[in-house]
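Protein sequence lines correspond, in order, to chains A and B. If you're matching positions, the first sequence starts at 3 in the working numbering and goes up one per residue. If you're matching positions, the second sequence starts at 5 in the working numbering and goes up one per residue.
Because the hints were derived from the structure by calculation, they are not lab data.
Some chain B residues near chain A, calculated using beta-carbon distances under 7 angstroms:
#	residue
1	13
2	23
3	34
4	37
Have a look at the derived ranges for each label pair, beta carbon to beta carbon:
#	chain 1	residue 1	chain 2	residue 2	range
5	B	27	A	291	28 to 34 angstroms
6	B	17	A	175	49 to 55 angstroms
7	B	40	A	84	46 to 52 angstroms
8	A	219	B	25	52 to 58 angstroms
9	B	43	A	47	15 to 21 angstroms
Going by beta-carbon spacing under 10 angstroms, a handful of chain B positions derived as facing chain A:
#	residue
10	22
11	35
12	40
Just so it is clear, the structure is predicted and the values come from calculations on it, not from any experiment. Just so it is clear, CB atoms sit at the ideal spot from N, CA and C, and this is done for glycine as well.
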Amino acid sequence: MANTLSAEAAPPRDAEFGDYFALLKPRVMSLVIFTALVGLVVAPVPVHPMIAFASILCIAVGAGASGALNMWWDADIDVKMARTRNRPVPSGRVTGGEALAVGLGLSLLSVPMLGLFANWLSAGILAFTIFFYAVIYSMWLKRTTPQNIVIGGAAGAFPPLLGWAVATGSVGLEAALMFAIIFLWTPPHFWALALYRNGDYERAAVPMMPVVAGPRATRRQIFWYSVALAAVAVAPAFTAIGGLFYLVAAGALSAEFLRLATLVGFRTEQAAEADGHRAEKRLFKFSILWLFLVFSALAIEAGLRHAGLALPVPGFGA
Amino acid sequence: MIGREEHELHRRRRGRNMAIGALLIGFVALMFGVTIAKLGANVIKPEMNWSDSR
Numbered sequence: 003m004a005n006t007l008s009a010e011a012a013p014p015r016d017a018e019f020g021d022y023f024a025l026l027k028p029r030v031m032s033l034v035i036f037t038a039l040v041g042l043v044v045a046p047v048p049v050h051p052m053i054a055f056a057s058i059l060c061i062a063v064g065a066g067a068s069g070a071l072n073m074w075w076d077a078d079i080d081v082k083m084a085r086t087r088n089r090p091v092p093s094g095r096v097t098g099g100e101a102l103a104v105g106l107g108l109s110l111l112s113v114p115m116l117g118l119f120a121n122w123l124s125a126g127i128l129a130f131t132i133f134f135y136a137v138i139y140s141m142w143l144k145r146t147t148p149q150n151i152v153i154g155g156a157a158g159a160f161p162p163l164l165g166w167a168v169a170t171g172s173v174g175l176e177a178a179l180m181f182a183i184i185f186l187w188t189p190p191h192f193w194a195l196a197l198y199r200n201g202d203y204e205r206a207a208v209p210m211m212p213v214v215a216g217p218r219a220t221r222r223q224i225f226w227y228s229v230a231l232a233a234v235a236v237a238p239a240f241t242a243i244g245g246l247f248y249l250v251a252a253g254a255l256s257a258e259f260l261r262l263a264t265l266v267g268f269r270t271e272q273a274a275e276a277d278g279h280r281a282e283k284r285l286f287k288f289s290i291l292w293l294f295l296v297f298s299a300l301a302i303e304a305g306l307r308h309a310g311l312a313l314p315v316p317g318f319g320a
Numbered sequence: 005m006i007g008r009e010e011h012e013l014h015r016r017r018r019g020r021n022m023a024i025g026a027l028l029i030g031f032v033a034l035m036f037g038v039t040i041a042k043l044g045a046n047v048i049k050p051e052m053n054w055s056d057s058r
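Okay, chain B solo, but in the shape it has when bound (with noise of 0.2 angstroms):
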């Protein structure tokens, strides 16, 4: 193994890729909240008989 020294433009770049990653995830998670929202109660019929779809 060959050690690497640790430099600042590491750092910041590990930062970067750390705040990219973060934004994707929140991304992922508001398209995910947007789409329960839109289809509400439309996804879950209480009164829908499953038997029915087969």
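Same shape as in the complex, but just chain A (with noise of 0.2 angstroms):
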């Protein structure tokens, strides 16, 4: 089968500019620099927009260097899944050597000149960030674990604290909420598209929830999961970073995403194959939605506030 599936990718070729930058990852890339942005302009500490930006950017390359990391090592199962076998290396583009002289070169440019640029606390995260997606993500839990989103989902939940850290200097309670609400929206939101990808990551022998524990199992924690998500994500609502519009934001899109979770938590694998995973589809796409705009609402509270325009929480502000 994997013989079959290599033979379908993109012939080798010479490696163009785009094929290095794909390394990067650049969707997830794309995230990183936004929830680090959101994390950076909701704290209290303003900071200049130059030191602002070459921030972001710093985080953003050290994201990219761990994605690339992450090429490098999972080259011989992305070639075995629809999803992830056109990325550079598995179809030949780029060697594995070249991605993870990217992926060290890129990490070792980023934490230091994050450090010189911000501060060192922001640029031990970043370092850390690296090393649990590359290492105990990618290399370690990720072919050991069904519980390899829940604590992969961690990595990708640092950007709003290191954009808090940039600013700040330290990590507070809002930092440690935006974490909490990332790390918990990466179980309910990978698992649903795992339910209905199962197949690509049997073929690669990635024990995912769905193959590990079955879909009956999954489709459980997928709704438990998005209980607590539905409690972190509206809780910075009563800090200081939050307000009534984040209150009536964040309440409104997670009972959206509560209800749809439900709907897939509950229903029998059989209804879901009737209608070609629809419900599962659903939840994976809103998901996307739900974590920008929860994400944007701090930062319209942010912009709110700052204006002089922000309403508190009945009971709860200033």
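Two independent chains are provided; combine them into the complex using the hints.
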């Protein structure tokens, strides 16, 4: 099967610049940039725009570096999955050694640069994030435990914490809540996808939750993670970065997330197959929009606060 | 002069070189911008009397 799939991949050719750029997982990088930027703008300490731009760039490059290291390590399983077999390394456009060099080079560039541009706490967190994603997740957990997504999700949760650390030089409750939002969002997001892409992960022998525990247990876990996510998503409304606008926005968005997660969480596999996993696909797509809108609401709330237009949550705000 | 056939490979390499050049220029601009931002108001102090430094 693997040979059939690799034969279908694009034929090897000399690499273009875009192939090296693709090693950095630009789509993941765009989410990293967005959430880090929100972490930075909601922080109570103003940052010079040039320092903010340079710091976000370092965070994005660091995230890209971990993506390149992931592609170097995972090339053998990427070639077996339809979703990943056209990536630069499995398709032969970039060699594994080049991907490793890009990953290590950009890691060694981005971490000290962030330390010099912003502060050494954020540089330390960035270094740990790269290590966590490349070594703890990619090399260790991804292939050994069905909790891979849960623990690996932490790597994706660091960017808003990084943005906050760039601005304040510390890590507070608000930053921890933003971390928790992405951390709890990751399992329902990826497991919704895994429910209808099960075959891909089975072929690559990646022990994703539906492969190991079965779809029924995965559906229940999607539901319970979504309950926890909804609670944590609303919590920032009651902190210094929240307000009435955020409470209403996050509450409404989380109610819809929970509704879709309940549909996915309590239906049978037969029902899912009958309609082509419609509810799972809807949850997966909505989860992306949800994360974007929740973090946008935090940024808008910060904007309202700066303009003196923010309304406090009754009984909680100053 | 010997005419050289333009090959697709050359076009790709040129694109790669141009992109790396643009990245290097961008990096220099970034360092310059951050340096100015970091030094900020300390670079020019209106109250400073330049004759004092001689």
